[in-house]
Amino acid sequence: DQQVKQNSPSLSVQEGRISILNCDYTNSMFDYFLWYKKYPAEGPTFLISISSIKDKNEDGRFTVFLNKSAKHLSLHIVPSQPGDSAVYFCAATGTGANSKLTFGKGITLSVRP
Amino acid sequence: DTAVSQTPKYLVTQMGNDKSIKCEQNLGHDTMYWYKQDSKKFLKIMFSYNNKELIINETVPNRFSPKSPDKAHLNLHINSLELGDSAVYFCASSRDYFYNEQFFGPGTRLTVL
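First to last, the sequence lines map onto chains C and V. If you count by the working numbering, then the first sequence holds residues 1 to 113, one letter each, in order. If you count by the working numbering, then the second sequence holds residues 114 to 226, one letter each, in order.
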């Protein structure tokens, strides 16, 4: 029962262009969403997050958009750089103590020089 | 100066053996977690401890026993290892159990032969 879905396993973009990574969720109780980035042989590192009271959050080249009615979020990376090549995990959680992160399967982003 | 460290990084062992993985965080966080990333790449939470107390215990075989000697350490002991236990195990920590951003260790790749 996948509550967080990242349906595209991989994405390849040209350096300098926009990367758009998508994520869908099914659980209406989720109200906080995070993106993690993972390089090979390393642990995931936090990238950016968004609360359900917002529809957009921006941090430098990274912007996350949330569409609650569609239960969809996306991560935009502009401009994409070769160092952005990694696996990106979408994660979601509900509110309150002991809420746990539910992760998607991840998307492998390759940025071509 | 690693924030969340795990030892060992790689572990190869025979079926039926007992093994432990250690985790330490120097962030001063109150909450620590163990995740399993299986062959399908999903990151799934196994356990969570807050100030040395177990707060999340997912449906995990009781061959897996976490132990938190203090809030900076969370170890995972696995008895009677099975082939299906082969996975990458990640330790993580967060400021407290209300705080969603988690910091991950580099992972321990366990291979059971």
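Hints are computed from structural coordinates only; laboratory data are not their basis. The C-beta atom is built at its ideal place from N, Cα and C for all residues, glycine as well. Hints should not be assumed to be uniformly reliable.
To be verified - Covered, in the sense of this in silico footprint (three residues per stretch, anywhere, with C-beta under 8 Å from a C-beta of chain C), are these stretches of chain V:
#1 158 to 169
#2 173 to 184
#3 216 to 225
Unchecked claim - Here are the simulated lysine to aspartate or glutamate pairs, EDC-like style, with alpha carbons at most 16 Å apart:
#4 K154/V - D1/C
#5 K180/V - E214/V
#6 K132/V - E195/V
#7 K122/V - E42/C
Verification of the supplied hints:
1. 158 to 169: It holds, with 4 qualifying residues against the three required.
2. 173 to 184: violated (count 0)
3. 216 to 225: holds (count 5)
4. K154/V - D1/C: holds, 15 Å
5. K180/V - E214/V: Violated, because 22 Å separates the two Cα atoms, which is more than 16 Å.
6. K132/V - E195/V: Roughly 11 Å separates the two Cα atoms, so the pair holds.
7. K122/V - E42/C: Since the Cα atoms of K122/V and E42/C sit roughly 10 Å apart, the hinted pair holds (cutoff 16 Å).
In this structure, the earlier hints numbered 2 and 5 are contradicted, and the remaining ones agree with it.
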